[in-house]
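Top line first, the protein sequences correspond to chains A and B.
Residue 46 in this note's numbering sits at position 45 of the first sequence, and the numbers go up by one each step.
Residue 176 in this note's numbering sits at position 143 of the second sequence, and the numbers go up by one each step.
Mixed in with the good hints, there may be bad ones.
Derived list of chain B stretches under chain A, where covered just means 3 residues or more per stretch with a C-beta under 8 Å from a C-beta of chain A [unchecked claim]:
(1) 55–65
(2) 112–121
Sample of chain A residues facing chain B (criterion: CB under 10 Å; computed from the structure) [said to hold, decoys possible]:
(3) Pro41
(4) Met45
(5) Gly95
Honestly, the hints are just simulated from the structure, not real lab data.
Using N, Cα and C, we set each Cβ at its ideal position, and we do this for glycine too.
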Amino acid sequence: MLQTPQNYDAGRKKLDRTNLVWLGLVGLTLLSVLVGESGPPSVMATFFICLIVLLKGRWIIRDFMGLRHAAPLTRWIITGYFFVMTSLVGIFVGYLQFTATQ
Amino acid sequence: MTTFELLRSTGPDVARTKSHTPGSIAVWIFIYAELTEFAFFFLAFLVAKFYFPEEFREGPIQLNTLAGFLNTLVLLTSSFCVARAVQAIKRGAQRQTVIWLLCTVGAGVTYCLVKAWEYQWNEARGITARTNYFFATYYYLMFNHFLHVVIGTCTILGTAVLAALGHYTVDSHDGLEGAASYWHMIDLVWILIFPLIYVLR
C-alpha cells in the first residue's frame, strides 16, 4: 500500500506519543535509581519505587505493546499480572525492611 | 477482526470503538506461559530472601548497578524501536520497518555485551553462582532472562529479514506484531527484575 498523506500524518501522531513515552520511561528509571541510591533502604522508598515500576509497566503495556485498544481480556491478564507481581514484591520487601528496623 | 478478537471482544465498548489485539492467540498464550515461568522465579527469589535476609541484604551492594541501569535503558530503547517498526509497517513504510527492527536487534546485542561485561566484573571480584544464595538466585534469574533476550533478538532478526523480503504488508503483519509483543514482554519482565535485584535492598 502506498504511503498517503493521511496515513503518514496518523503515523506521525503516534510517533510523537511514542517519543514522549520513551522519554518518560527513561526519566522514571533515573528517578528510581536516584531514590534507591540516595539513602538507606526504607519502606517509603520501596513504596515509591514500586509506584514507578507500575507506571512504567502501564506505559509499556498500553503504548508500546499497543494493548490500549486491545480485547479487554488480553489487556487485563497482562495488566493484572504486572500489578500483582509488583505489589507482591513491594509488600514482601517492605515487610522485611519494616521488621528489620523493629 | 480476527477470530481471536471476535472471541474476546464482547460487551458494549467494542461496538463503539474498534478493537485490535496485536499478534495471534498462540503468541499470547506463549507470552502468558513465559510470564508464569518468571512469576515462579520471582516467588523463589522472595522466598530465598526471606530465609537468607543477611545474604540478600549484602548481595545487591556488591552488584554492578551501572550495568543493570544501562541494560534498562537499552531494553526500553529496544521496545521503543520495535514499537516504531510496528507503526511503520502499519503505514506501509517497509524500509523504515526494517531499519527499526535492525535497531532492535542492535539493542539486543548491546544488552548481551553489557551482560557479559557484568559477569566478567563479578568474576573479577570473586563472585560466582556458588558464592551464596543471593548470587545463586541472581545468576539463575539473570541467565534465564538473558536466554529470553537471545531468543527474542533472533526472532526479531528473522522478522527483519521477512520484512525486507516484503513478507509483511499493511493488512497482514500478525507475525511482526507477535514478535514485537514477545519483545515487549522481555522488557516488561526486566522492569521488575531491575529494582528487585539492584535497587530494592
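(message) Quick check: do three or more residues in the stretch 55–65 of chain B have a beta carbon closer than 8 Å to a beta carbon of chain A?
(response) holds (count 4)
(message) Three residues or more, CB to CB closer than 8 Å: is that satisfied between the stretch 112–121 of chain B and chain A?
(response) As far as the stretch 112–121 of chain B goes, the hint holds, because 8 residues have Cβ atoms under 8 Å from chain A.
(request) Identify whether the interface hint at A:Gly95 stands, where standing means a beta carbon of chain B within less than 10 Å of its own. (result) holds, 9 Å
(message) Checking hints one by one. Is A:Pro41 an interface residue toward chain B, by the C-beta closer than 10 Å rule?
(response) With Cβ-Cβ at 9 Å, under 10 Å, it holds.
(message) Quick check on the hint: A:Met45 CB to chain B CB, less than 10 Å?
(response) violated, 12 Å
Of the hints listed earlier, the one the structure fails to meet is number 4.
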